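Q: One letter stands for each residue in the lines below.
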Amino acid sequence: MSKQDEVWILGINMTKFGKYPDRDIVDLGAEAIQAALKDAGVTMDDIGILAAGNLMGAGGIGQMLQKQVGQTGIPVYNVANACATGATALRTAVMAIKAGECDYGLAVGVEKLAGAGLLAGANRAEENDTWTPEGRFGAVVPVDGRIGTATMPGVFAQIGMEYGHKYGGADFELFAKISEKNHSHSTLNPLAAYNKEMSLEQIMNDMMIAYPNTRPMCSANCDGAAAAVVVNGATLKTLSLEQQRRAVKISASILTTDPWQEACQVLPDVNTLTRNAAKTAYEKAGVGPEDLDLVELHDCFATAELVHYDNLMLCEEGGAVDFFNSGATWRTGRMPVNVSGGLQSKGHPIAATGIANIWEVCQHLRDECGNRQIAGAKVGLAHVIGLGSACGIHILEKSAA
Amino acid sequence: MSEPIPIVNYLVLGEEPHLVSHECRNCKARFFGRRNACANCYGTEFEQVEVATTGELRSFTIVAFAAPGVEVPFVSGIIDCGGTSVNANIINTKPDPEHVSLGMKVQLATYSLGTDADGVEAIGFGFEPVEAA
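Heads up: the sequence lines are chains A and B, in that order. With the working numbering applied, the first sequence corresponds to residues 68 to 468, in that order. With the working numbering applied, the second sequence corresponds to residues 1292 to 1424, in that order.
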């Protein structure tokens, strides 16, 4: 790959995740952008494209943010791809650079989700006086709760339980232990929405949402933003040695959707598209799972983290339970997963997540992660999945400069 | 008296209630909803086929917290009905991990959703455990 084809992260930032009752998505997104520009050592004058993600707002977040940080007339791409929105924004900027349209790009994801409560596929509408078939299935009543569940905790519970049925060993306690790990990891992350250690007993005895997912085993709704400045390799070579040293190489930027599978019409298949994305990412980056020093994966629920150990090929096929039980995915293990605290404790402001997980990996690769630094980290992987479905995977490598 | 109406158009009522699916004539992929083309092979010809009324519970969750108006707890399950995956509630058994287990045999069952202002009864469906003989 020539320097011109390489794309690097030059600057990146995430806001603290949490509750911001007095700040809107524009405030939060602007904070992340300005901090990412500062981190990169560039200004809006340098940026040739802005890709912006926000899922719950009214649309047009990119232009709204330009008005806060600099209206330079560059193209804006407002992107939406469920929980993969942030990764999609970053990949959009990467593609513009690879296409040679500009030297620098900016990607941002922002969400206000604190207090949003349960995220369901569809809310129940008022019922009619007479049965009236509606929608593509001619339903005479809302089907959520009558024909399965449309809620995210329930959908992902079924995804984890399906893995348990296929390979065995995955029970309520096992899933709760995964959550215990991520809550423990978050105690070292000052930017996490929650920093509380939680015992296995506390997690299992907390409010049940959708068995086997209790409340702390679900991603935490919160507010937050993250932004990244990307640059091509040739331009990076012209920058200061300090900028080159801190830059992080994007060795693979992959986006997939779910190919047809027999059961995907009744239960989203989050496995095949993740496995496909991982295979392609490892191939493009020229690294294997054994080369990874840390992984930030999409633990929207404890039940999801388990299946992605397998999908990302961090373990042998069918071996995710033994892999977790070996202690490998704790920050002290051989394959630390979600040392940020993950979506369960760091939080999940949807569109920000796909850049925030890359920020986490970058901080370790730059050796700037303070007391939660994974020592000597050189290669990391960030993964997100959005139902529907879309999977984004980025493999990141420390600069040799 | 009016004929009862099914909760969704892929439930067929009558003597032996069952689910039906649109099956691609070319690759046999099955879809409960109508498709412009098969998601697997892009074929455009489908025929309506019956889905087996018994199956094995491949996954489930017990939903304890749901959108307003949804009665909880209930069990949502993924059932393998002779190679066709179906999503339905597991009914006629207690919604707890002692009464619902992975791999259990289940069968289609229907129940009344009530009667509307015109006196028409709507019929829902779920899957219930097959009692051991």
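Source of the hints: derived by calculation from the structure; they are not laboratory data. Treat the numbers as computed from the prediction; the structure is a model and nothing was measured. Among the clues, some could well be false.
To be verified - When the alpha-carbon atoms are kept at most 30 Å apart in a straight line, the in silico BS3-like pairs for lysine-lysine are as follows: (1) Lys244(A) <-> Lys445(A); (2) Lys304(A) <-> Lys1396(B); (3) Lys86(A) <-> Lys244(A); (4) Lys445(A) <-> Lys304(A); (5) Lys1385(B) <-> Lys263(A); (6) Lys105(A) <-> Lys83(A); (7) Lys351(A) <-> Lys244(A); (8) Lys1385(B) <-> Lys1396(B); (9) Lys346(A) <-> Lys1319(B); (10) Lys1396(B) <-> Lys445(A); (11) Lys346(A) <-> Lys105(A); (12) Lys304(A) <-> Lys86(A); (13) Lys244(A) <-> Lys1385(B); (14) Lys83(A) <-> Lys263(A); (15) Lys346(A) <-> Lys233(A).
Q: Are the hints correct? Go through all of them and say.
A: The hints, checked one at a time:
1. Lys244(A) <-> Lys445(A): holds, 28 Å
2. Lys304(A) <-> Lys1396(B): Violated. Lysine 304(A) to lysine 1396(B) sits at ~64 Å, over the 30 Å cutoff.
3. Lys86(A) <-> Lys244(A): holds, 27 Å
4. Lys445(A) <-> Lys304(A): holds, 20 Å
5. Lys1385(B) <-> Lys263(A): violated, 35 Å
6. Lys105(A) <-> Lys83(A): holds, 17 Å
7. Lys351(A) <-> Lys244(A): Given pair lysine 351(A), lysine 244(A) is violated - Cα atoms ~33 Å apart, limit 30 Å.
8. Lys1385(B) <-> Lys1396(B): Holds - the C-alpha atoms of lysine 1396(B) and lysine 1385(B) are around 15 Å apart, at most 30 Å.
9. Lys346(A) <-> Lys1319(B): holds, 29 Å
10. Lys1396(B) <-> Lys445(A): violated, 49 Å
11. Lys346(A) <-> Lys105(A): Answer violated: lysine 346(A) to lysine 105(A) is near 34 Å, above 30 Å.
12. Lys304(A) <-> Lys86(A): Outside the cut-off at roughly 40 Å; violated.
13. Lys244(A) <-> Lys1385(B): Distance ~27 Å between lysine 244(A) and lysine 1385(B) Cα, so the pair holds.
14. Lys83(A) <-> Lys263(A): Given pair lysine 83(A), lysine 263(A) holds - Cα atoms ~15 Å apart, limit 30 Å.
15. Lys346(A) <-> Lys233(A): holds, 22 Å
Hint violations for this structure: numbers 2, 5, 7, 10, 11, 12, all remaining hints satisfied.
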